[in-house]
Structures are given as C-alpha cells and as structure tokens.
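J.: Sequence:
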Amino acid sequence: MGLRSPAEFKEGLRDGREIYYRGELIEDVVSHHDLGIGVEHVALDFEMAEDPLHRDLMTWDDPNLGETVSRYFKVPSDGADLLNRREMIERSTRLGDGVVLLIKEIGSDALFALDLVTSQMDNQLGTEYRKRVGEFIQTCKKKDLSLAVAQTDVKGDRSLLPSQQEHPDYYVHIVEERSDGIVVRGAKAHTTCAPYVDELVVLPTRAFKEDDAAYAVSFAIPVNAPGVKLIASPFGSPPANAFHHPVSSGHRMIDTLTIFDDVFIPNERIFLKGEWQYAGLLANTFVEYHRFTAVSYKPPLCDLFIGAAALLAHYNGIGKASHVREKLTKLISYAETVRGLSLAAAHECSQRETGSVVPNVIYSNLAKFHFANGYHEAVSWVQDIAGGLVVTGPSEEDWLNPQTRPYIERFLGGSQGVGAEERLRALNLVRDLTASTFGGYNEFLAIHAEGSLETQKITILRDYDVARCVELVQRILRS
Numbered sequence: 002m003g004l005r006s007p008a009e010f011k012e013g014l015r016d017g018r019e020i021y022y023r024g025e026l027i028e029d030v031v032s033h034h035d036l037g038i039g040v041e042h043v044a045l046d047f048e049m050a051e052d053p054l055h056r057d058l059m060t061w062d063d064p065n066l067g068e069t070v071s072r073y074f075k076v077p078s079d080g081a082d083l084l085n086r087r088e089m090i091e092r093s094t095r096l097g098d099g100v101v102l103l104i105k106e107i108g109s110d111a112l113f114a115l116d117l118v119t120s121q122m123d124n125q126l127g128t129e130y131r132k133r134v135g136e137f138i139q140t141c142k143k144k145d146l147s148l149a150v151a152q153t154d155v156k157g158d159r160s161l162l163p164s165q166q167e168h169p170d171y172y173v174h175i176v177e178e179r180s181d182g183i184v185v186r187g188a189k190a191h192t193t194c195a196p197y198v199d200e201l202v203v204l205p206t207r208a209f210k211e212d213d214a215a216y217a218v219s220f221a222i223p224v225n226a227p228g229v230k231l232i233a234s235p236f237g238s239p240p241a242n243a244f245h246h247p248v249s250s251g252h253r254m255i256d257t258l259t260i261f262d263d264v265f266i267p268n269e270r271i272f273l274k275g276e277w278q279y280a281g282l283l284a285n286t287f288v289e290y291h292r293f294t295a296v297s298y299k300p301p302l303c304d305l306f307i308g309a310a311a312l313l314a315h316y317n318g319i320g321k322a323s324h325v326r327e328k329l330t331k332l333i334s335y336a337e338t339v340r341g342l343s344l345a346a347a348h349e350c351s352q353r354e355t356g357s358v359v360p361n362v363i364y365s366n367l368a369k370f371h372f373a374n375g376y377h378e379a380v381s382w383v384q385d386i387a388g389g390l391v392v393t394g395p396s397e398e399d400w401l402n403p404q405t406r407p408y409i410e411r412f413l414g415g416s417q418g419v420g421a422e423e424r425l426r427a428l429n430l431v432r433d434l435t436a437s438t439f440g441g442y443n444e445f446l447a448i449h450a451e452g453s454l455e456t457q458k459i460t461i462l463r464d465y466d467v468a469r470c471v472e473l474v475q476r477i478l479r480s
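If you're matching positions, the sequence shown starts at 2 in this note's numbering and goes up one per residue.
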C-alpha cells in the first residue's frame, strides 16, 4: 500500500480500541466532539504526503520496496537525512499552527534506537532482535502506520527499583513467558497521541539491575490489542471556540495513561526480553533521537510568540518603546538559538556501526535545555507586551451582543485605526498560547516533555569532553 490517504488513516482508528475519556468509554474517537479535533490535526501528516507542495519532503522512494513511503521511516544515514527530518517536523508543526503532530515522529525515533541497540545485542548475545525490528520497520512503511511510544513507567516510589516497589506493576513487566510470546502487565504514563495511532512501541524507561530483568522489555503492539486500555487526559482541552482559542480549538494533542492488563505479545513483536544490561542503553539511545525531534518542533511556537508580540506592540502603539524592542530582540534570540542548535545537531551528527547516524547529543540537549529553561521568561515577555486585556477582555458573546458591541468597538480599538475585533483576536491568541488551559499544558510540556531540565544537564555534562578543557589548562600551567 505504501501511503494512506487521510480518510484511510481515520478509518483505521475505528478498530474497537478501548479509550476512556472523562469517565466514559469512547465508541468512535474519529467522530468524538473533543478527541476528534486531535484526529483532524494529526491527519495533516497524511494530507502533506499527498500535497504536491510537500510530497517530496514528506515521502521517499524506497529502492528496496519499490514503493513511495513516508520519509519518517527512513533510517538516517547522513546529516542530510537529519536535516530533511528536521524540516519535516518544523514544517508540519508550522502548518499545524505551532502544534506538533507526533504520530510518526516519536515512533520512528524509537525504531531508529531499536535498530542500533538490537544490532549490538545480536552481536554480543547471539540474539535475532534486529531482524524483528527490521521487519517491523518494513511493515510500518508498507502499511503507512502511525506510532506512539509508551516509555515512562508510573514508577510509584521513585527512590526504589521496580522489584522493590509496594506492588510489582508500577513498571511494565513480563508476567508470563510462552513458546509463542510473552504476557505483560503494568502502566505507562504520558503516552502522547496514543488514541490516534495504529501501534504502540514500548521501551524501558531506565537502566535496570539483574533482579529487575522482567522489567527490561520492549515490544510493539496494536492499540486495539486485548488488554490495552487508554485513559485519555482532558487537560489542555479548552472549549472548541475559535474566537477565544484560535489555536487549540482546531489543534490538539492528547496524552494517556496506558494500561497493559495482561497483554499478550507475540515473539515477532518482542525486541527486548529480560536482557537487563541493555535497558538503559535503549532508553538513552531513544532520547538521542527524541530530543532532536523535540527541538525541531519548538521553533514554530517561538515564532508565534515573536509574531504575536510584534503585532500587539503595533496595535498597542508601543512598537518603538525601548523595552518592547529589547523584549522582541530577546524573543528572536531565544527562537534562533533553539533553531540554530537543532541545525548544528544534524550537521555534527555521529556515524554508528550500523551505518545510521545519531544527532549530536550535546547540541540537541543544549537546544532542549535552552528552550525549557527560558520558556517561562519568554512567555512573560509576550504577556508584558500584550497587556492585561489578555485576561480581562470581553467575551465573544459580548462581541456578538448588539447592545454591548458598539461599546467594545468604541473603546477597545488599537493604534492607527486598528479595529477592536483585530485587537481582541490577537489578544485571544496570546491568551490561548500562554494563559489558558492549553497554555498551562504547554508550560508543563516545556519543562517535562522529552525529559526534565535535570536530565538535559546530566546528559550535557556526561557527554561533553571536559578532559579536553582540563588538558588545555594543564598545558598552559606547565608552560
């Protein structure tokens, strides 16, 4: 099949999957009044593959298959592949009004990591996991599958290892081994876009010791597999009102608590089964790709901050004020530092033994750290320029009321003849991005998505060649 149409993708979601939302079992995620907004949003991936303006970027003629497939499933072999991937993510996020799609991006990050790590396992242990990973990648290409990654275990007491927990199910683990597969139990948190994908790729969340070998497990499973249950989070989901929520009313990501209630995994879908020595390596290798994906989709949101701040500075008549110009300069510096570091991560990639490349770990983590560490300050600059009407302005109902609209038009216009409606819509955009439930969702994502600030600091210090710097100092001191 190679590529699916948006309609075919949506029909594939009507497969009996078990999704709970706000206490109710959802019969059809596609037609649901709230979750369906997210379906339309992520379908943009399939629309872009059909659009002549984006087709060459989003697709790839696979010589081994003899078919045109999604470029997301091309294992990167050089910096050009990473730059293409980065452009795919940034462009689709821009077309999604600053909201990333994430129905192939994270899943393919996991596939690239699995390809690398299983190659090492096969060479060192004599296993045959890489062949399974390769066959699954081929299936993803042929069926144009959408993927989510379930990695973060719920953890319970974080000071304890999995086997030390109050009960064993705080981490996903193997509870039964059969000749034809395994049975797993447990739960994963923060599974992004799980209601909108065909398959879940499960990865370990951390390094383990031998006593926790049952928790060293990785596999792929259809979302509608028996025993898989999704409890979808409602947070970041405002009313579908385009006047007050110009971005989030039409674009939505949903995260789930993903339950594995004695789920059977056939052998051909198992990529790690008790090889505890490789759990940490697999988790970290995934992050090497995943943080590159993260910093590839951040710039469009930064650009929205710059554009909204600049437009409202004009509407408010303060565009020439020195403090406003300073804040706009800082916003530009903030955005372009993230963008520049993500480009550097692709250019300075490292080749691995399989022939694939990994984005530069230092640059990817610096970009993610810079974005997360500066996010709340960037929000404050935008809010300061926009003004208090962001949270005290009138409602759409007041605007539509013929008794109150004339007053709004009279008193809330902007500088140089800017009308009240133009100004209110710009203010509402800032509210949606920074002062709504969606804005709060974004603030938490900035800190916790793709790893916390502490994880980036740990990675930067661990991977940076500090010894080179010490050697330079010692050479000077010896001279």
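Hints listed in this document are in silico derivations from the structure and should not be mistaken for laboratory results.
Check the hints yourself; a few may be wrong.
Heads up, simulated BS3-like pairs for lysine-lysine below, C-alpha to C-alpha not over 25 Å straight-line [stated by the list, open to error]:
| no. | residue 1 | residue 2 |
| --- | --- | --- |
| 1 | 210 | 274 |
| 2 | 230 | 132 |
| 3 | 75 | 143 |
| 4 | 210 | 11 |
| 5 | 210 | 144 |
| 6 | 144 | 156 |
| 7 | 156 | 11 |
| 8 | 328 | 274 |
| 9 | 156 | 75 |
| 10 | 328 | 230 |
| 11 | 458 | 210 |
| 12 | 144 | 331 |
| 13 | 132 | 144 |
| 14 | 274 | 156 |
| 15 | 132 | 11 |
| 16 | 458 | 156 |
J.: Indicate, hint by hint, whether the structure satisfies it.
T.: Each hint tested on the structure:
no.	hint	result
1	210 with 274	14 Å, holds
2	230 with 132	29 Å, violated
3	75 with 143	12 Å, holds
4	210 with 11	42 Å, violated
5	210 with 144	37 Å, violated
6	144 with 156	34 Å, violated
7	156 with 11	33 Å, violated
8	328 with 274	52 Å, violated
9	156 with 75	33 Å, violated
10	328 with 230	46 Å, violated
11	458 with 210	24 Å, holds
12	144 with 331	45 Å, violated
13	132 with 144	18 Å, holds
14	274 with 156	20 Å, holds
15	132 with 11	30 Å, violated
16	458 with 156	22 Å, holds
Violated hints for the displayed structure, listed by number in ascending order: 2, 4, 5, 6, 7, 8, 9, 10, 12, 15.
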